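Chemist: In order, the protein sequences belong to chains A and B. With my numbering, letter number 16 in the first sequence gets 16, and the count goes up by one each step, no holes. So the mapping is simple: my numbering equals the position in the second sequence, first residue as 1, plus 273.
Certain hints may be false.
[What the hints assert, rightly or not] Some chain B residues well away from chain A (every beta-carbon gap over 12 Å; in silico):
hint: 1; residue: K345
hint: 2; residue: S408
hint: 3; residue: G455
hint: 4; residue: K646
hint: 5; residue: E686
hint: 6; residue: I797
hint: 7; residue: K891
hint: 8; residue: A943
hint: 9; residue: A958
hint: 10; residue: E1008
hint: 11; residue: L1032
hint: 12; residue: K1064
hint: 13; residue: D1069
[Said to hold, decoys possible] Lysine-lysine pairs mimicking DSSO-like chemistry, simulated, CA-CA at most 30 Å apart:
hint: 14; chain 1: A; residue 1: K42; chain 2: B; residue 2: K645
hint: 15; chain 1: A; residue 1: K24; chain 2: B; residue 2: K924
hint: 16; chain 1: A; residue 1: K8; chain 2: A; residue 2: K24
hint: 17; chain 1: B; residue 1: K559; chain 2: B; residue 2: K596
hint: 18; chain 1: A; residue 1: K42; chain 2: B; residue 2: K363
hint: 19; chain 1: B; residue 1: K282; chain 2: B; residue 2: K318
hint: 20; chain 1: B; residue 1: K645; chain 2: B; residue 2: K363
hint: 21; chain 1: B; residue 1: K645; chain 2: B; residue 2: K343
hint: 22; chain 1: B; residue 1: K924; chain 2: B; residue 2: K1016
hint: 23; chain 1: B; residue 1: K831; chain 2: A; residue 2: K42
hint: 24; chain 1: A; residue 1: K42; chain 2: B; residue 2: K1016
hint: 25; chain 1: A; residue 1: K22; chain 2: B; residue 2: K831
hint: 26; chain 1: B; residue 1: K282; chain 2: B; residue 2: K645
hint: 27; chain 1: B; residue 1: K363; chain 2: A; residue 2: K22
hint: 28; chain 1: B; residue 1: K761; chain 2: B; residue 2: K697
hint: 29; chain 1: B; residue 1: K1073; chain 2: A; residue 2: K24
hint: 30; chain 1: B; residue 1: K1064; chain 2: B; residue 2: K1016
hint: 31; chain 1: B; residue 1: K1016; chain 2: B; residue 2: K967
Don't read these hints as lab results, they were simulated from the structure. Values in this document were obtained by computation on a predicted structure and should not be read as measured data. No residue lacks a Cβ here, since even glycine has one placed at the ideal position from N, Cα and C.
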Amino acid sequence: MPQENSVKLDITEALRYLGIPKEKQDAALLESARDVAERVRKAVTPRWLYRVYAVTPAEQGMMLTVPLAGGTAAAGRNPAPGGVLASGGTSAAAASSVTGLAAGNSAAAASSQTGLLLPGNSAAVMLKECSHAVLLIASLGAGFDALLRREQAQDMSRAVIMDACGSAFVEGACDRAEEELAARFPGKYLTDRFSPGYGDLPLGLQESLCRELDAYRRLGIAVSESMLMNPVKSVTAEIGISDRPQQARIRGCEYCSMKETCAFRKRGERCVS
Amino acid sequence: MSADFFGQKEIWILDGAMGTVLQQNGLPPGGQPELLNLENPELLKRVYRAYAEAGSDIVYSNTFGANGLKLKRTGHSVSEIVESAIRTAKEAVSELGVRVALDIGPLGELLEPMGSLTFERAYELFREMVQAGVSAGADLIAIETMSDLYEAKAALLAAKENSDLPVMVTMSVEANGRTFTGCTIPSMARTLEGLGADAVGLNCSLGPDTMVDMLAELARNTRLPVVAKPNAGLPDPMDGHYDMGPEAFADAIVENLPNGICIFGGCCGTNPEYIRQVSARLKGKKRAERVYDAVSFVCTAVDPLRLDGTKVIGERINPTGKKRFQQALLENDLDYILDVGIQEEDAGAEILDVNVGFPGVDEVEMLPRVVKKLQSAISLPLQLDSSNPKALEAGLRVYNGKAAVNSVNGNPEVMERILPIIKKYGAAVVGLTLDDTGIPQTAEARVAIAERILENALKYGIPKEDLWIDCLTLTVSAQQEQAAETLKAVYRVTHELGLKTVLGVSNISFGLPNRQLITQNFLIQALANGLSFPIINPNQKEMMDAVAAFRVLNQEDKECRAFIDRFAGAAAQNAPGGGAGGAAGSPAGAASSGAGGAASFSGKAVTPGQALDDAIMKGLRNEAGKIAVEALKTETELELVENHLIPALDKIGIDYEQGRAFLPQLLSAAQAAQAVFEVIRASIAGKGGEQVRKGRLIIATVKGDIHDIGKNIVKTVLENYGYEVLDLGRDVPPELILETAQKENIRLVGLSALMTTTLPAMEETIRLLQTLPEPPVTFVGGAVVTPEYAKHMGADYYAKDARESVEIARKVLG
């Protein structure tokens, strides 16, 4: 699990999240934001994790299946699945009986025996030319929330700046993760990042996605019934991996991760002309 | 029953992963393993058996997530799943002499203050699991993979209060030695031992190699057996497989043996082969000697406080003699109390004394609320100060960490009431050297009472280091000879009994001029006689200066670093013209926010009123407060509000609307106004008059929504226009909003929602409010709310921002 202090926290971007365009970011505001950003950096370490899946088109979207590398690469280190129980014969029987169970268990939501379905047209378009896709999750952790709670008790003015810095910081963490991925796949091309809630990719996917990545155990992220992630500054994303150059498809508010909270949008304005 | 369960064997072997093995046998990703208890017990039996045959002395039942929250949508009850799991496990392994532990994992939602799941609800969810486990015959309880100490506490209390079974508690830490929620290893060890765990340890998240030093630290902080149940190394980011094979895992885990760790198992990525290897390497081994660090200690989850030197206990959270504080208590104004605590923390207090006893206040209800409020934003350990045992128990129950209690005394009845509570919650306790006959006049008699309290504490199983003695400060102007007796008693309790001492110092100077001089002198003498924890007002610079100097002379402040930090900057500033009067140079002063620029009050020839307008507009909090004090000499409280506060706020509000000012500036101005309001409130409270109020309203973030910063912005702005805001918080059920509106006869309700998924809850709240005979006016806002949607929901107003909510409040409440 990477822990990087080199993650970028873009102050100008943070102030833009607050609806303050770059040309109106005066010295006092920038100084205040730099101060807050420094405290956030000191107190918080962004974390992220990801897994790579094979992509296959399915009837209602794109199916992500268990990583190709996994079974074979890991077999040398861990005993292969068949060998974990007392004798080979019983484990084979066990495997088939679990399969039988899965078929009868519809509670497992979007995830099924074969993998995780990214339903809808948006995912299908994004991953059309991709052999693989990455599920990524990044978070500032509970430490940021604690810092923000205290700041809210003390100084709401700085608290709103801190909140925006948190958003910028977790975006920075996603950028770093993406750089890491680009380095892992030399010669391949990555699509834009997209998340549940983008286009027609349902927000309800958040839960199975977090469960798939074991986000609670590995990053301390819980998903509420209303599909909110907690700690608050947590982001999930999907990124496609392709052999061909990928056009930038994501443009405009519909695809922006800030669309739920953007101050420009609330005023009916846009952050870029 | 659980007295010495783990003493039955030198070394215990636990099982390995359940989830990993099930997935290797075909459990679908994202599937719920708990359902297998009903649908495929035969598979589970084979897993339990495989572990038993590999050498496990204890196997964990397949109930990690079998709690009421996670099972809600499965159509199965907790008791059904848990009982079946325990029965299956017992059938599989009991005949081999292997014990079955009821496995309890985290609930999957975050507890308050991080999430909205209350401590009490978490307790109920765990209780349900424990009761099912007990009735099905579990041999012990294993609480594991906890990252929130508060949640671990809820689970442990549920286990202890609803069973006689031994309980092990293990938490998960990251490579930095803290859990995801920031809990430290000493905090978990000391808190969980205090609450009566039978074994503590670490599981999951790290490999056995990275855990060695952390487990050694854990072992130094507890007398309990220590558990190591690590993962099979770290997962590969590409495919999620763990990188350590059984041999390497076993080699690494036995490295813990010399540190006295005696309970071993595996977590994610392990399987029976790992356990076989571990078991083989540990065969015939004995527990190594342990050294326990028997130091006085209190903590919160994130702030472990080893009490090995002088520590300052802040005395300000106390209504005695403080009109404004009393008013806050009577009005349920917990924000004010939190603010007092934050100021103490900023001023350098290390423990906060918390006293909320006042006529008209129900302490049993108030103390836990204040504890929760303080712990939502302050990381310092607390000392709960009350003579009401019920209030103390209620406060200790919801406290996250190891607290101190103030106080018990030599009266046998008091000891009998208080000490069992101290023992149950693992707190430290202050013993006052008085009894039913009063305060003894000699040091000898006070030391004798201290001895008696110590004897009793030990009898109840409270360790010596958890008893601190207060030798009592008497007012020197009334009983002059007593100061020396107190100091003598401090010396003897410290050096002869070997106990830590506390002393409320300020009382010494009551009734004298230049009180601070006497108090400071007495403080220094008491410290020199061995006083460990002075209870003082940390906002008084003279007191904190004295403590800083003492720490240098007593070799606590190594290389005088803290002292230099404290004074190096101040010396340059204060050089000309001698000491600045009052709080100007105090490090305790709240930092002013927002833009720089000095106040113009003394600069130009302006009236205090004009200077006030200017300070508010510029968001100069400290200046605004000071100028308000001046301005009150020429204007009434109400005039100040009507002529200056509100016009200044309106002006910045218009700038905000027109894009000349932005949210941070708007809020800075609101906070400067708040400082003025604070002066006005104090002034009115001092005279006992009616407070300036423009009307009351409710605001809340709707059910399901945990993003509350938008709501808090609205609250800040509205309050500083003089409205009384009943803030119901976040994730608020529609029923609670209805009930409050009805009970408090509220005419205006503001609702906030940030996500599309929570809009239905907003609509439901409005619908419910409209069932009232005289429904209150509603206004809604938040990122996803639009004017159209507001109308569709039946809201009376849509507020696009905090500024607009003021206009709405004006229309509705005046």
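Chemist: For every hint, state whether the structure bears it out.
Modeler: Okay, the hints, checked on the actual structure:
Remark: the non-interface label on K345/B conflicts with the geometry, its nearest Cβ contact in chain A lying 9 Å away (cut-off 12 Å). Every beta carbon of chain A lies more than 12 Å from that of S408/B, the smallest distance being close to 26 Å; the non-interface claim holds. Not every C-beta of chain A lies more than 12 Å from that of G455/B, the closest at about 6 Å, which undercuts listing it as non-interface. Its closest Cβ contact with chain A, about 9 Å, brings K646/B to no more than 12 Å, contrary to its assignment away from the interface.
E686/B, annotated as away from the interface, keeps every beta carbon of chain A farther than 12 Å; the closest lies near 40 Å. A cut-off of 12 Å between C-beta atoms confirms that I797/B is not in contact with chain A; the least separation is 32 Å. Look at K891/B: its CB is around 10 Å from the nearest CB on chain A, not clear of 12 Å, so calling it non-interface is violated. A beta-carbon of chain A comes within 12 Å of the beta-carbon of A943/B; the shortest separation is about 7 Å.
A cut-off of 12 Å between C-beta atoms confirms that A958/B is not in contact with chain A; the least separation is 21 Å. Listed as outside the interface, E1008/B is consistent with that label: its C-beta sits roughly 17 Å from the nearest C-beta of chain A, beyond the 12 Å cut-off. With a least beta-carbon separation of about 10 Å from chain A, L1032/B fails to lie farther than 12 Å from that chain, contradicting its non-interface assignment. Remark: the non-interface label on K1064/B is consistent with the geometry, its nearest Cβ contact in chain A lying 17 Å away (cut-off 12 Å).
With a least beta-carbon separation of about 20 Å from chain A, D1069/B lies farther than 12 Å from that chain, consistent with its non-interface assignment. This hinted pair checks out: K42/A and K645/B have alpha carbons roughly 26 Å apart, not beyond 30 Å. Taken as a hint, the K24/A and K924/B pair is honoured in the structure, with Cα atoms around 19 Å apart against an allowance of 30 Å. Between K8/A and K24/A the alpha-carbon distance is near 22 Å, which keeps this suggested pair within the 30 Å criterion.
For a cut-off of 30 Å, the pair hint linking K559/B to K596/B is broken: about 63 Å separates their Cα positions. A C-alpha spacing of about 50 Å is found between K42/A and K363/B, which places the hinted pair above 30 Å, so the restraint is violated. Among the hinted pairs, K282/B with K318/B is consistent with the structure: their alpha-carbon atoms are about 25 Å apart, no more than 30 Å. Between the alpha carbons of K645/B and K363/B the distance comes to roughly 41 Å, so the proposed pair goes past 30 Å and is violated.
A C-alpha spacing of about 26 Å is found between K645/B and K343/B, which places the hinted pair at or below 30 Å, so the restraint holds. A C-alpha spacing of about 36 Å is found between K924/B and K1016/B, which places the hinted pair above 30 Å, so the restraint is violated. For the given pair, K831/B sits about 24 Å from K42/A by alpha-carbon distance, which is consistent with the 30 Å threshold. Simply put, K42/A and K1016/B have alpha-carbon atoms about 45 Å apart, too far for the 30 Å limit, and the pair is violated.
Taking the CA atoms of K22/A and K831/B, the gap is near 47 Å; set against the 30 Å cutoff, the hint is violated. Taken as a hint, the K282/B and K645/B pair is broken in the structure, with Cα atoms around 41 Å apart against an allowance of 30 Å. A hinted pair counts as satisfied when its Cα atoms are at most 30 Å apart, and K363/B with K22/A does not qualify at roughly 67 Å. Taking the CA atoms of K761/B and K697/B, the gap is about 33 Å. The hint is violated against a cut of 30 Å.
A C-alpha spacing of about 21 Å is found between K1073/B and K24/A, which places the hinted pair at or below 30 Å, so the restraint holds. The straight-line distance between the Cα atoms of K1064/B and K1016/B is roughly 27 Å, inside the 30 Å bound, and the hint therefore holds. Pair hint K1016/B plus K967/B holds up; C-alpha atoms about 19 Å apart against a cutoff of 30 Å.
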